[in-house]
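Visitor: Below are the chains, spelled out letter by letter.
2 protein chains.
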Amino acid sequence: MAKLPSSIQRLINELSRLPGIGPKTAQRLAFYLLKKDSIDINNLSLAISQVKNGVTFCSVCHIMAETDPCGIDADPKRDHDVICVVEESLDALAIDKTGQFNGVFHVLGGVLNPLEGTGPEQLTINHLMQRVRQEEVKEIIIATNPSLEGETTAMHLAKLIKGVNQEIIKSGNQEIKVSRIARGLPMGGDLEYADDITLMRALEGRREY
Amino acid sequence: MAKLPSSIQRLINELSRLPGIGPKTAQRLAFYLLKKDSIDINNLSLAISQVKNGVTFCSVCHIMAETDPCGIDADPKRDHDVICVVEESLDALAIDKTGQFNGVFHVLGGVLNPLEGTGPEQLTINHLMQRVRQEEVKEIIIATNPSLEGETTAMHLAKLIKGVNQEIIKSGNQEIKVSRIARGLPMGGDLEYADDITLMRALEGRREY
Numbered sequence: 198m199a200k201l202p203s204s205i206q207r208l209i210n211e212l213s214r215l216p217g218i219g220p221k222t223a224q225r226l227a228f229y230l231l232k233k234d235s236i237d238i239n240n241l242s243l244a245i246s247q248v249k250n251g252v253t254f255c256s257v258c259h260i261m262a263e264t265d266p267c268g269i270d271a272d273p274k275r276d277h278d279v280i281c282v283v284e285e286s287l288d289a290l291a292i293d294k295t296g297q298f299n300g301v302f303h304v305l306g307g308v309l310n311p312l313e314g315t316g317p318e319q320l321t322i323n324h325l326m327q328r329v330r331q332e333e334v335k336e337i338i339i340a341t342n343p344s345l346e347g348e349t350t351a352m353h354l355a356k357l358i359k360g361v362n363q364e365i366i367k368s369g370n371q372e373i374k375v376s377r378i379a380r381g382l383p384m385g386g387d388l389e390y391a392d393d394i395t396l397m398r399a400l401e402g403r404r405e406y
Numbered sequence: 198m199a200k201l202p203s204s205i206q207r208l209i210n211e212l213s214r215l216p217g218i219g220p221k222t223a224q225r226l227a228f229y230l231l232k233k234d235s236i237d238i239n240n241l242s243l244a245i246s247q248v249k250n251g252v253t254f255c256s257v258c259h260i261m262a263e264t265d266p267c268g269i270d271a272d273p274k275r276d277h278d279v280i281c282v283v284e285e286s287l288d289a290l291a292i293d294k295t296g297q298f299n300g301v302f303h304v305l306g307g308v309l310n311p312l313e314g315t316g317p318e319q320l321t322i323n324h325l326m327q328r329v330r331q332e333e334v335k336e337i338i339i340a341t342n343p344s345l346e347g348e349t350t351a352m353h354l355a356k357l358i359k360g361v362n363q364e365i366i367k368s369g370n371q372e373i374k375v376s377r378i379a380r381g382l383p384m385g386g387d388l389e390y391a392d393d394i395t396l397m398r399a400l401e402g403r404r405e406y
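Same order as they appear, the protein sequences are chains A and B. With this note's numbering applied, the first sequence corresponds to residues 198 to 406, in that order. With this note's numbering applied, the second sequence corresponds to residues 198 to 406, in that order.
For the record, the hints were derived by calculation from the structure and aren't laboratory data. Hints may be right or wrong, so weigh each one.
Identical copies go unnamed one by one, so any copy, or any two together, can satisfy a pair.
Derived DSSO-like pairs: lysine-lysine, alpha-carbon spacing no greater than 27 Å straight-line [what the hints assert, rightly or not]:
#  : residue 1 : residue 2
1  : 200       : 249
2  : 274       : 200
3  : 233       : 249
4  : 232       : 294
5  : 221       : 233
6  : 221       : 232
7  : 367       : 335
8  : 200       : 335
9  : 221       : 294
10 : 200       : 294
11 : 232       : 200
Can you make the complete structure from the sequences, with help from the hints?
Guide: Written out as structure tokens, the structure is:
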């Protein structure tokens, strides 16, 4: 029986381990690379081996960055009293890219998921509560994903912050506003194909003209 | 505006250049790799940079192999007088894997495609005709893909071999049999959903019980 050269077989095996890449895609990618010149191959190889170089996490907001504190937290022009809480660094970057948010972020590092063993200790929730207590925060925008886990995490955080608000009211200070990003039909979405929960949220969150 | 660390952005750019991998998939892969430990990352990086190591092409049949001649051509137990003509090395491996073919191969290196500038000179057709003339060949099985280009290439090859057959008949020798792999409904296929050409070929190629 004929066999593939071992170097190609090895690359196919390695590529198949990546998420969303099956044996057929891995094979196609391996043969694509085989036909590329050495410079392109080495560029990719180097980019992979150096992916962790210079990547650090901001000690203020836990975002993935090249500096600590990150560019956002170090920027005096941002509103440091508005904190947007997200699951992952990419979520923060996506929100920042809209240009509509001028506050700072707090990256949780995931969502509460008891089935997968992710409790509050695995996330940066304690540090968030510390920030809420120590910094002069006006508003917390909870922007976890609109999934079951994301909603649960959002409710848990809202409850915690309301607890802090009780203390703040007692001390006579302005309480912290807690908000959740809007859920509804996405732009370009089709009412006909929207699921029940999305439609329900869209009705609940309706706004007067 | 916040930005991704440059090492991650660079990996995303490199991955996006692979076929079938868009910016979103590249981003997902980059973050997956970022979370992996260094050993896994280095294994992948090394497999990519070494993909060409030890890969050569058989000078007899042009298949991708680790030795020249390849394992198939060097095997005295194979029928060297039956040549199966395929487009790419992977096609030969797929046919070999069935265990139903005990002949040898000839890899064309592609198909005739005038629009993309692939003429007979870009393929190993001349070498095939040389083999047909010099080796004592009994049968040529043309196993190019059942695509427009594959069929055109198959017809072109059949015509060339028939030309050689004229010479062989004149010299009083046994002429070479030329065949084309069967086209019809694939196993597990559904007649209802088959396209017209496939159904036409399935009817044309019907066999008596």
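Visitor: Against this structure, judge whether each hint is valid.
Guide: A quick look at each hint next to the structure:
In this assembly of identical chains, residue 200 and residue 249 lie within 27 Å of each other by CA distance solely across copies; the values are 16 Å between and 35 Å within a copy. When the C-alpha separation of residue 274 and residue 200 is checked against a cutoff of 27 Å, the pair qualifies only between copies, where the shortest distance is 17 Å, while the shortest distance within a copy is 62 Å. Within a single copy, residue 233 and residue 249 get their C-alpha atoms as close as 25 Å, and across copies as close as 10 Å, so both meet the 27 Å cut-off. Taking the shortest Cα distances, residue 232 and residue 294 sit within 27 Å of each other only across copies (24 Å), while inside one copy they are farther apart (37 Å).
For the homomeric pair residue 221 and residue 233, the shortest alpha-carbon distances inside one copy (19 Å) and between copies (23 Å) are both at most 27 Å. Taking CA atoms no more than 27 Å apart as the test, residue 221 paired with residue 232 passes in both settings, with 17 Å inside one copy and 24 Å between copies. In this assembly of identical chains, the alpha carbons of residue 367 and residue 335 lie at most 27 Å apart only when taken from the same copy (17 Å versus 98 Å across copies). In this assembly of identical chains, the alpha carbons of residue 200 and residue 335 lie at most 27 Å apart only when taken from different copies (26 Å versus 65 Å within one copy).
Taking CA atoms no more than 27 Å apart as the test, residue 221 paired with residue 294 passes between copies only; the shortest distance there is 15 Å, against 35 Å inside one copy. For the identical chains of this complex, residue 200 and residue 294 are inter-copy neighbours only, at 9 Å across copies versus 49 Å inside a copy, given an alpha-carbon limit of 27 Å. Within a single copy, residue 232 and residue 200 get their C-alpha atoms as close as 19 Å, which meets the 27 Å cut-off; across copies the closest is 33 Å, which misses it.
Violated hints for the displayed structure: none, as all numbered hints are satisfied.
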